[in-house]
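A.B. asks: Sequence:
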Amino acid sequence: MTVRPNSIAGGGDAASYYAADNYYTGEQEGPSEWGGGGAEELGLSGTVDAGTFAEVLDGKLPNGAVIARGGNGERAPGFELTFSAPKSVSLVAMIGRDERIMPAFAEAIRSTMAWAEERFGEVRSGKAGAVIEPGRLVYAIFHHDLSRKLDPQAHAHVVVANAAQRGDGRWVALHNPALWKHSSTIGAVFHADFRARLEQLGYRTEITGRHGQFEISGIPRAAIDAFSARREQILSRAAELGASGPKAMETIAVSTRDAKQAGDATLARAMWAEKAVVHGAAISAVVDAARGVERPRSVLDAVRAWGAALLERITHAFGPRPEPLLHGTDAVRRSAELASGYAVAAGVRHLGEREASFTYADLLKSSLDMAEKGATVRGIEARIERLRDAGFLISGPRGGVHADRLTTRDMLVTEKALVVAAHGGVGQGTPIVDAASVDTALDRSADRREVTLSAEQRVAAHAMLSGTNRIQVVQGDAGTGKSFLFELVREVGAEVGAGMLVLVPQNKLMDDLTGRGLEVRSLASVLKEHASRAGPAKPNEQLSALMKGKIVVLEEASMVSSRQLAGLFEVARNGQAAKLVLVGDVKQIPAVEAGRPFALLQEAGAPTVRLTENRRQQTDVLRDAAFLAREGRVTAALERLGDKVQESAHPAGAAVVEYLGLSPEERNRTALLTSGHVLRQAVLETVRAELLAQGKLGAEALSLRSWDTLNLTREELRQIRHWAEGMRLDIYRHQAGLVPGSYEVGLLDRASGMLELARDGHTRLFDPRSLRSGGEGAALSVPGEIDVREGDRLVFTSSDLKRGMANGAAMTLTAIDGDTLHLSGRDRDHVIGPDDPMRERLGHGAVINMHRAQGMTVDRAITVMDSRDRLLNSESLYYVLQTRAREDVSLHTDDKKALAIAIETHRGDVPHASDLAPELSSSGRERFDPATGELPRLDDPSANDRRQLDAMSAALRSIGSEPARPAPEAVRQAPVPVKELVKEPEIEIDHDYDFDM
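Reminder that position 49 of the sequence shown reads as 49 in full-length UniProt numbering, one-by-one numbering, no gaps.
Just so you know, the hints here were simulated from the structure itself, not pulled from any lab data. Bear in mind that the values here come from a model prediction, so they are computed numbers and not experimental data. Just so you know, even glycine gets a beta-carbon here, dropped at the ideal spot from N, CA and C. Treat the hints loosely; a few may be bogus.
[As the list claims (entries may be wrong)] In silico DSS-like links for lysine-lysine, alpha-carbon gap of 30 Å or less:
1) 60 x 127
2) 644 x 696
3) 696 x 181
4) 127 x 181
5) 802 x 548
6) 60 x 181
7) 802 x 181
8) 644 x 896
9) 548 x 528
10) 644 x 897
11) 528 x 802
[To be verified] What follows is a list of derived Cβ distance ranges for each label pair:
12) 692 x 829: 43 to 53 Å
13) 804 x 665: 20 to 30 Å
14) 443 x 603: 49 to 59 Å
15) 887 x 829: 25 to 35 Å
16) 624 x 401: 25 to 35 Å
17) 126 x 65: 49 to 59 Å
18) 430 x 648: 55 to 65 Å
19) 693 x 542: 48 to 58 Å
20) 181 x 820: 46 to 56 Å
21) 761 x 782: 38 to 48 Å
22) 178 x 648: 30 to 40 Å
23) 166 x 709: 46 to 56 Å
24) 784 x 665: 31 to 41 Å
Please build the complete structure, drawing on both the sequences and the hints.
C.D. replies: This is how it looks when you write it as structure tokens:
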């Protein structure tokens with residue numbers, strides 16, 4: 001099920017195309033209707049007349065107005081939005097003969113289009129069309145119920161004419177980018193609306209995909225497959241081509257679809273009757289059950305029913321705490337409000353985990369995607385506005401550049417507190433070494449290494465050793481010798497008894513820095529052991545031993561989130577660190593989680609020294625290209641590289657040819673780098689096949705099970721739609737009644753939201769929603785398989801620090817002895833036996849993708865980027881790939897010009913929360929306390945809703961530290977028996993590949 005925008009079909013006879021009788025099982029001419037405020041103004045209503053429809057598409061309106069042609073003399077007639085129902089819905093409507101379904105489907109489309117017109121109907125006005133204003137639309141809806149393979153497939157084409165009425169009454173061409181751009185949001189609105197209507201009809205539904213896609217519960221998979229000949233055709237063709245993914249499926253669907261078939265209604269019904277002999281009873285049983293549901297007799301009954309169900313959902317016996325946003329459900333008057341409130345809470349948490357601020361459109365769509373039954377777009381919008389009024393969500397100033405963005409009160413307070421802490425530490429620290437002695441000590445250390453310090457490095461070293469700022473920022477461009485600087489500062493500090501501790505956000509950096517003689521810990525491990533989750537942390541002996549009197553350096557600080565940095569500030573203070581030094585580069589890859597605090601502190605004027613002299617790249621070409629990349633002048637950087645940038649239809653293959661053309665010695669000095677996972681896999685498979693053919697890899701292959709961690713937010717992890725049998729749940733902190741360890745995911749019942757978890761021979765039922773909504777310490781992984789051979793470059797994909805195995809550490813497989821692996825690393829060797837848990841945490845390391853490349857330095861680099869990877873092609877990514885190599889770099893791509901444009905239009909810098917409210921919150925004009933960076937407490941006795949929302953903010957900060965609360969006895973329900981759980985198919989693929997446009 002989906003909503004997709006397309007060009008108008010049918011050529012010059014679009015009316016006949018959309019009204020073709022071959023699409024229907026009913027009358028000769030299928031049902032159609034006019035819609036839109038513009039259509040109403042023109043007096044267009046009821047069934048669509050083919051002649052009038054053709055005139056409207058030609059820009060000739062019934063009132064005599066004519067829409068001017070474009071500058072080229074041609075007319076764009078408009079476009080269509082295709083609404084498609086889930087296959088299970090089509091089956092209960094047409095095989096189960098529930099006559100209530102199709103009217104509900106039509107009403108959901110009308111409601112969705114009315115909303116879309118309000119939000120995205122736009123026209124141009126003013127000089128050169130510079131002003132965008134609301135417009136009233138004209139569209140025609142054509143309902144269909146057959147796929148091209150004559151399967152039941154309820155869908156509708158909404159043909160939006162290129163004509164709209166402005167506020168002044170004038171008729172002009174439609175400005176349609178917003179409608180096209182937000183088609184997925186329109187789809188999510190439709191899914192939520194239609195699902196709510198089906199629930200009112202007595203059907204149970206379950207979310208099955210993105211954008212709120214769902215199916216009716218209880219329809220057997222065999223029945224869906226039996227009536228999905230078109231889907232099977234597409235999957236078969238995809239298997240032949242080795243293709244996967246939504247884009248590939250859509251391409252195959254369009255290229256393989258049959259021509260329309262006339263007069264097939266009778267044939268279709270005969271085919272359905274034949275299949276219904278096997279599957280009709282199961283479908284009819286679901287319809288009968290829905291018809292037999294007794295609806296609540298009053299609004300009060302409805303509220304009680306929904307309230308009890310949702311309280312069960314959020315206070316399940318396994319131990320989730322109540323939803324903070326909905327604390328005190330007495331304020332909620334209708335079930336839809338309750339469900340919409342939960343959807344917005346989930347949407348805020350989902351976006352807030354990854355971004356410090358987000359657009360209103362993103363929150364709306366995220367809330368719809370997260371919505372459970374009963375939520376509506378109108379309810380969600382109302383809830384968002386209420387949160388803004390209450391001060392939990394804060395908007396950018398009206399009319400400003402960030403007017404369409406939102407942030408949370410919690411993130412705003414966190415950012416303000418970070419800035420206050422940095423400024424509050426200015427001049428408050430004690431020098432480690434007397435300023436007069438620093439230069440002499442630095443020179444001694446540099447002379448021992450036979451190197452010379454740059455003037456910039458000397459200034460940075462002074463700031464770290466003799467400076468008086470408790471928190472010091474060092475902005476170091478790529479290749480400016482930051483790691484070398486750490487070594488010198490450590491030696492000088494050691495002369496006066498001051499130690500240095502280096503913290504890294506990625507475990508793969510530990511191996512490199514430990515080899516330099518530095519004491520290194522992962523930031524995550526330090527925060528896990530010592531950061532607070534329930535109020536201020538207290539100093540302890542272990543923390544003091546780790547940090548007291550030391551220079552604590554945070555390396556690659558640009559990759560650290562605001563929440564993590566706030567935790568580190570607290571830990572460094574409680575550990576009595578002599579100085580906290582944040583070292584990184586704002587131009588490199590930012591944090592995965594929300595916030596860019598390293599950039600924020602610099603923009604806010606925190607004490608900063610800068611390293612700009614490139615000491616890594618050894619040629620003028622590489623230095624110039626690195627400088628241009630840093631400035632965002634990607635086109636100029638690619639031009640400067642000249643023939644080192646190669647275009648080809650298959651850049652992955654071209655990169656492998658270049659790599660294999662090197663001598664073995666040169667290959668050992670060269671890294672293969674890619675912009676993302678898909679390219680990495682393509683390069684890896686090709687290069688290993690060639691190395692095997694050349695005898696560079698061992699003939700014997702050993703198959704290993706592997707686990708790939710899904711990149712899910714914590715809110716996504718709480719939704720069963722992301723789980724499947726055979727996955728693995730890793731728990732790192734006690735929560736939801738689970739102790740740390742690994743659990744195998746067994747059978748699932750998506751309708752109830754329950755699943756089986758197995759560990760050490762014991763099985764239990766589990767509800768993913770019981771995981772902490774505002775916490776961490778859990779991850780979901782999917783199983784895979786890799787084959788390894790002697791000579792393979794491997795990396796650890798997880799850590800066992802007690803055994804010296806760090807995530808990302810590179811190893812070479814030197815021997816396979818039966819079922820035992822012998823690995824050789826830079827500093828130590830490892831033997832991995834058949835029962836070693838790290839055996840499942842090995843991956844191939846011959847090719848490295850973007851995030852693993854940051855922080856590394858190599859002699860040569862061969863890089864691969866695809867111009868079509870819109871999400872990956874950012875300035876920060878290109879800058880990282882461009883600046884890894886000392887001596888030489890080459891770049892392979894499919895389209896050099898398109899790649900440069902893609903990168904230059906994707907800066908990737910999400911605005912800070914503070915950008916939205918530099919001095920004031922937009923709620924109540926509340927001023928921040930300049931001493932603490934905090935907003936005043938919302939303690940107005942009359943502001944009940946504000947107190948509830950503030951409680952949610954506190955809950956988010958505490959990362960779910962409250963103890964679990966039992967469910968009220970009145971709403972507690974018995975767990976679903978294991979025998980009732982339905983086994984899921986091994987591979988679940990979306991069913992919406994009919995594409996009957």
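A.B. asks: Now look at each hint and say whether the structure bears it out.
C.D. replies: Hints versus structure:
1. 60 x 127: holds, 24 Å
2. 644 x 696: The given pair, whose Cα atoms are some 27 Å apart, holds under the 30 Å limit.
3. 696 x 181: Since the Cα atoms of residue 696 and residue 181 sit roughly 49 Å apart, the hinted pair is violated (cutoff 30 Å).
4. 127 x 181: holds, 25 Å
5. 802 x 548: Holds - the C-alpha atoms of residue 548 and residue 802 are around 23 Å apart, at most 30 Å.
6. 60 x 181: holds, 27 Å
7. 802 x 181: The hint is violated at about 50 Å.
8. 644 x 896: With a Cα-Cα distance of about 11 Å, the restraint between residue 644 and residue 896 holds, given a limit of 30 Å.
9. 548 x 528: Holds - the C-alpha atoms of residue 528 and residue 548 are around 18 Å apart, at most 30 Å.
10. 644 x 897: With Cα atoms ~15 Å apart, residue 644 and residue 897 stay inside 30 Å; holds.
11. 528 x 802: holds, 16 Å
12. 692 x 829: 43 to 53 Å: With a Cβ separation near 24 Å, residue 692 and residue 829 fall outside 43 to 53 Å, so the hint is violated.
13. 804 x 665: 20 to 30 Å: Check passed, 28 Å falls within 20 to 30 Å.
14. 443 x 603: 49 to 59 Å: violated, 35 Å
15. 887 x 829: 25 to 35 Å: holds, 29 Å
16. 624 x 401: 25 to 35 Å: holds, 32 Å
17. 126 x 65: 49 to 59 Å: Violated, since residue 126 and residue 65 (Cβ atoms, about 20 Å apart) do not stay within the stated range.
18. 430 x 648: 55 to 65 Å: Distance hint for residue 430, residue 648 holds at roughly 59 Å.
19. 693 x 542: 48 to 58 Å: The hinted range 48 to 58 Å holds for residue 693 and residue 542, with Cβ atoms some 53 Å apart.
20. 181 x 820: 46 to 56 Å: holds, 55 Å
21. 761 x 782: 38 to 48 Å: About 23 Å separates the Cβ atoms of residue 761 and residue 782, which means 38 to 48 Å is violated.
22. 178 x 648: 30 to 40 Å: For residue 178 and residue 648 the Cβ distance comes to about 37 Å; the hint holds.
23. 166 x 709: 46 to 56 Å: For residue 166 and residue 709 the Cβ distance comes to about 51 Å; the hint holds.
24. 784 x 665: 31 to 41 Å: holds, 33 Å
Violation of the numbered hints given earlier is confined to hints 3, 7, 12, 14, 17 and 21; the remaining hints are satisfied by the structure.
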